[in-house]
Structures are given as structure tokens and as C-alpha cells.
Amino acid sequence: MKKNDEKIRCDACPVMCYIAEGQSGACDRYANHDGQIIRLDPLMILDRRIKAGDAIKPFLGADWDGSIGHDHEVFVTAIGSGTTYPDYKPAPFIVGRHMDDADFVTVVSEAIFSYCGVKIKIDTDRHLGHEGAIVRANGEAVGLVITSEYGSQMLSLGGVDHLTGGSKAEGRTTCDTLMKLCNKEAVELSIDDGSSVVVQAGQPPIVDGKKEYRMRVGCGSATIGMFASQWVGLIDEVVVVDDHITGVVSEHQAGKVLDWPDTGITIKGRRSTPGRYFQVAKPGLGWGGTDLEDPLKILGDWRPAKGAKPGLTILMVSTTGEHSAYFVLDEDLTPQPQEMPAALKASVDLIAENCEPALCTVMFMGGAGGSLRSGVTKNPIKLTESVQSRHTRVTCGGVDAYVWPGGGITVMVDVLKMPDQSFGYVPTPALVAPLEFTVRKEDYIALGGHETAIRSIKDILTTGGEYSKKSIAKPPANSDHNA
Amino acid sequence: MAASHPQVAWLPPDQRLHLSHGPTDLIIKAEGKDSHHAYQQAITAMDTLLEDLVKELPDLRLKISAEMPFHHPVAQRMHRACLGYGTRFITPMAAVAGAIADYVLDAMIAGNDLTKASVNNGGDIAFCLAEGQKATAVLADMNDARIHLHSGHPWRGMATSGHGGRSFSLGIADAVLVIADQASTADAAATMIASAVHLPNHHPEADRIQTAPAFSLDSESDLGNREVTTHVGELSLSAITQALDLGEIAAQAVISDKPIAGALIRVKDHIRIVGFDHHSDIIMLKEESKLWSISQ
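Respectively, the protein sequence lines represent chains G and S. First residue of the first sequence: 3, per this note's numbering; consecutive thereafter. First residue of the second sequence: 1295, per this note's numbering; consecutive thereafter.
If you're looking for bench data, these hints aren't it; they were derived computationally from the structure. Certain hints may be false.
To be verified - Once the Cα atoms are required to be at most 27 Å apart in a straight line, the calculated DSS-like pairs of lysine-lysine come out as: (1) G:K213 with G:K121; (2) S:K1410 with G:K170; (3) G:K182 with S:K1562.
Unchecked claim - Computed from the model, here is a short list of chain G residues facing chain S with C-beta under 7 Å: (4) R11; (5) C15; (6) P16; (7) V17; (8) A22; (9) C29; (10) G168.
Don't be surprised by glycine CBs; every beta carbon is placed ideally from N, CA and C.
Take the sequences, apply the hints, and build the full model.
As C-alpha cells, this is what we get:
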């Protein structure tokens, strides 16, 4: 489409703006892009025929090439569908499609969630904050630190109190924070009496300005416990350097169990229990989360009376395996650096291999309220029952949501799997998120569904919705998506 | 082309009404015996509003003149609200948001027994209070200052204008909030006061402010090729104070001339309060707020 200087008339609403190239209309929802009126948040349709990595195919009703393939390859998501669900009007799209010899109906709407939030899992052993501590964004309280999990710290943000119960600033900041997190953007949070952390779904956390790379397998002591038996016979002494606890195998309980001989080593640090030392150095960007560039700095004199002798071999390694060094004591019992034997190198790699990448996971969690359900069916409780009995499937932006047991329709979904920019907001403040219900057609009728409003996918792609004339096709984010 | 209609939604948890049509987003609350009827009347009023109003749009975009050529009640309100600003440039569009809020509120309360009702059009708010009723507004754009309103006062509208929002501003104020007898009055006043908030001519920090002709950003803008603010950089305290002084002068003139309680003007973190002379109980400021200065 060649670039066009003419203004184009938009007919999405009675204002009928004339829009110049590159500008948007009075509503900021429609714009003139390359001589065509486009909706800035188009209806998102997931099309498995487009392989991941192919260019996105935008298509307007008139341009659609007419090929649709089988219904199960195309899934209409609620992203960009708009909301109309008062108690007398059906949801914007009620799609009928054939699948596996049964008629399926997908009801599509954007849901407005005032009662919603996110659960954040941060894979890090770093202490971010105490359980119950307030989590803030831009100084406003948006959530709290909840009980931690194995290898992960957990945060819970949002909920109706932070969204609407506190001050206006708190509500807007909470809404904005949730929206950014759900749209997979980076958000800076600070925890009272704790750290600051930049959280982004699928990315490592940045704690107090420092990016975490690996979840430590454990502290220095735990690492010794896990790998001591693999070092027997390979090396005389192992020191696992860590910002929290540095471990020494010859003194450690794990070493004792293996009859590990004494080496006469001394460590400059505060001894906890045998073989475990606090504060060998300050926190920093060096070895094992300390500021050490030269690990020998933490070693004191070697005591011959306690087992030190020339030729003693020493492995120093960090808790993520990223740093390691091999030394041999010379005639003066001074450690001299040497090239690490291959067998030892393998054990260092093993430590690194056992460290998973540090990651943030963001789960959107929300409930589908009364008025939304009545846009689907005349008898809302039947929809709830159908969801709870798993006859109706719930997805967010096409991604399967986990439906909580118990009353109501409360869902949880991994935002990383959802298409980009699936989430929006309204000024209440409340989050707008896509929600789709998929059910067999006869079950849909039985639960009081709005039968006359059912349309085929072909019809929607050619005619568009009342408010969405334009759609975009993308491959689904998760490859095992079974629409 | 099928006629488009407003989208209707009910917002949890208290089931406020959200009406959305083109550029208009209304959040509506009604309390009292007839609140259900009130909501239905609001929906009906909104249904054809935009369609009817746009017929007069071309004339509404022209600089205002004393004679009133408009037919639609919203257009008439816009015109009335924008009169009395002398020779300064203003079109009725300066009051469009407030006038729509006023109109929908009137339609909503007609014949209904209500205690309180409000129509919030993107921050321009029209409200009604039955006798003895109170309302509190928290102003997020003004460091969470609280405005306390009481049925005994004549004030039933508020509006905010500033350079960062969807509408353009000729001035550098981040926000100007006006409390007035109705939303359309407040809307026009906030726009005009905001446009008066600028640095004095040839000020050394003038280069910290970026502008662009309104046309270049929106070819349909009623501001034509007038320079609108696109970015305000760091300003010294002295520059901010001078800009606020100019805004205060404009605000005093408007307040003495029209049914307006007062105005709050914010440039960066500094807020100047103007007016509210007979109603000092209206405003409550947050304790740990930044520099507040109250005009004498």
C-alpha cells in the first residue's frame, strides 16, 4: 500500500474523524496507517497455520484470502474484542465452529477485572524481604511478600483493596503495575526493609541493581553436601565460596562422613558450625556474590601441624560454578595457581549445570464476575457450573487457564504464554483482560446460551465485529495449544 | 454502514456504569431510590448524543462569537461556557468534555429520587447532591488533595486541564483543576487558565520547553497552527514561580467573573491555590505535600 497524504475518514463512531497519515482519531483507538484505518488494538486471532517467526498477516474483511483451513487451526481470542456485556446484550463475538465432529462455541469478550492480581515467583536465594513486607511501586503499596517456596521468593500483588480501597494514587499505580507485569514488561518494585527488584516475566530478576544469573543450587555448605562424594580422591581440599555461607569440605560434616583428612586450612571469616563460614567478604559482583576477584584473599596461613604440606591440591569454586581456580601448595605452603585437571573441571561444570537460570514468573489471577457471565448466557450460574465441571474450557488470550476448585470462576494463567499487549485498563482503575469460554454447542444451548448470536469464524473474518473491523492473525505462543 | 452505538459495561465492585463511544468514556454513579431508572436514562441519553452533536462540529471548532448559532443542548452549553474570555482565542471545543458530562447528568437525574449522582468524563465531572449530602473528591493530579463538597455550596462541576493529557495545551501547567457551578464552566476555565501558565517572554529557560503546531499532531485540531506544549524539561524554582504567577493572574480574573469557586495550578511539584475565598473548608491538603502556596 503506497504512502498516502490524503486524510481518510474513519467510520467507527459518529464523530467520523478525517485522519491524516500517521495520526490517530479523537478516540486514540483508530489511526491512519499507510492509507488504511486500523484499530490500534486489533482483534487477535490465533492461526496455527502461520509458523512461528512468519510475518504477521493483517487482514481486513475484504482482503481476506478466503482460506480458513479447518476450524481447529484458528482460534478467535478476546484481545481487542471490546466489551459489551450488560445484562441485555450478548458478548461481542459468539463464534460457532466445527471441531472433531462436534460443534463448539467460543464466547469472546474482554473482561474488566477489579478483583484481580498477579502472583510472582522469583527464582533466587537472595533475601528480598521478610514475609508480610509491603511491596511498593513508585512508593505506593501494591502488594506484599508471601510465604516463600523452594528456591523462590513469592510476591502477591493487586487485589481489590490496592486497586480501589486505598488512595487514588495507590489504585492507579497498582493498576499500572499489574498491567505492565501482565504485558511482560519490566517493573521496578521495592520491598519495605528489603531489596529493590526489577521483575519481568521470563527474565532474570535484577536485585538491588544486580542481575541474577543462576539460582544457586544452595549455599556453599549445601554445595559441599551435594558434591563432596564426587571430589573424594580427586583433590585434597575444596572451598566453595559464597556470599552467604562459604563451605570447606575437610572441616564440613559431609567431609567428616567421608573421612576426609585435615588440611590445616584457615579461613578469614566468621565460623558458624564446622566447615561453614559467614562473611568471608562483602557482597558484590565477584565470586559467589561476594566482591572477591582473588579468592586467595580469604585464606589465612596453612598449619603444618594440622595437615598442611607441600603438594596439597586445592579447588576453590563459587556456588554457581561460574568462578573456579586450582592451586597447589609450594615448599613455603603458599598456594600457587596451576592449570585445573580435566576431571576437576568436569565437577565444576556439574555445579554450573545444576544451577537453573534465575527467572521471574508472573501469573495473572482473576475471577469472572456476574455481569460478564450474563453476556455469555441467560443463566449465569449454569456457566459457572459448566466451567467447574470442565465442560466449558476457559482460556485467556487463547492460553489455557488453570481454574481454581471451589466456588466461582477464578483463573490463573502464565502471562508469558499470552500474546503481546493482551492486557489493558479502564480508569476505575481495573484491568481489562481477554477471556474466552469454549463449550460444545449443545451444552452451550443447554446452559442458556444466546443461540441467535452465534456466528461462524468465516463470517467474523469477513464482516468483523460491531467494533472490530480489523483483525490480525498470529501463531499461538504455546506450540501444544489445542484450540 | 450500520450505526455504531455506545458500549455499555458495569464495573465491579459497586456496579458503576461505563459508557464508551468513540472518544467519550463516561463513568457514571447514581445512588438513591431511583438509581436504576437513572442509569437507564443515562444510557438512552448517550445513545444518540455523539451522532447528533457531530452535526454541529464544524462550527464548534471555530473561534467563538457572541451570537449563538447552535441547536443541540450540548453545543449550546459549550458555547455558553466559553463566552466571556475577551479577545483570547477560544473555541467551544474547550468545554466539550464538561458539557457532555453536564448533559448526561441532567438526563439522568430528571424525574428521579436520588441522593447523589455523578458523571465523570475523563476527569471532567458533573455531579448532583441532594440536600444535606456531601461528597469528597481526591485529586490524584494534585498530590492527593481532597475537595469536600456540600449541598449547601453552589458548586457542582470540576475539570482538569494540562499539557500532558489527550487535549493539547498552549501552556506548561501539568494540571489545572477548577471547581465551578457546572462541569462545562470548569472545563473552559481550566483550559484557559492552563494556557496562561507559561514563562515570561525571553526567559532564559524558554529552551527547556518544546512545542509543536497543533496541526502537526492532529490535523483536525481547533487550535490550528498555534504552538502547543509537547515537553517541559527541568525548570528552576524561580521559573516555576513566575509561570505560576502568570497562571494566578489569569485565574483571579476568571474567578471574579464567573461562577467558579477556585483553581489549583500545578507546575512540576509546585501547586498554587487561587480563590476559594469564602469556602476555605473545601480544600484539605495532604500533610507531607510539597510546596503549596496560597494566593493572598
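Results for each hint:
1. G:K213 with G:K121: 21 Å, holds
2. S:K1410 with G:K170: 20 Å, holds
3. G:K182 with S:K1562: 25 Å, holds
4. R11: Where the cut-off is 7 Å and the nearest Cβ of chain S is about 11 Å from R11 (chain G), the hint is violated.
5. C15: 3 Å, holds
6. P16: 4 Å, holds
7. V17: Given a least distance of 5 Å, the restraint on V17 (chain G) holds.
8. A22: With a closest approach of 4 Å, the A22 (chain G) hint holds.
9. C29: 4 Å, holds
10. G168: Since chain S brings no Cβ nearer than about 10 Å to G168 (chain G), farther than 7 Å, the hint is violated.
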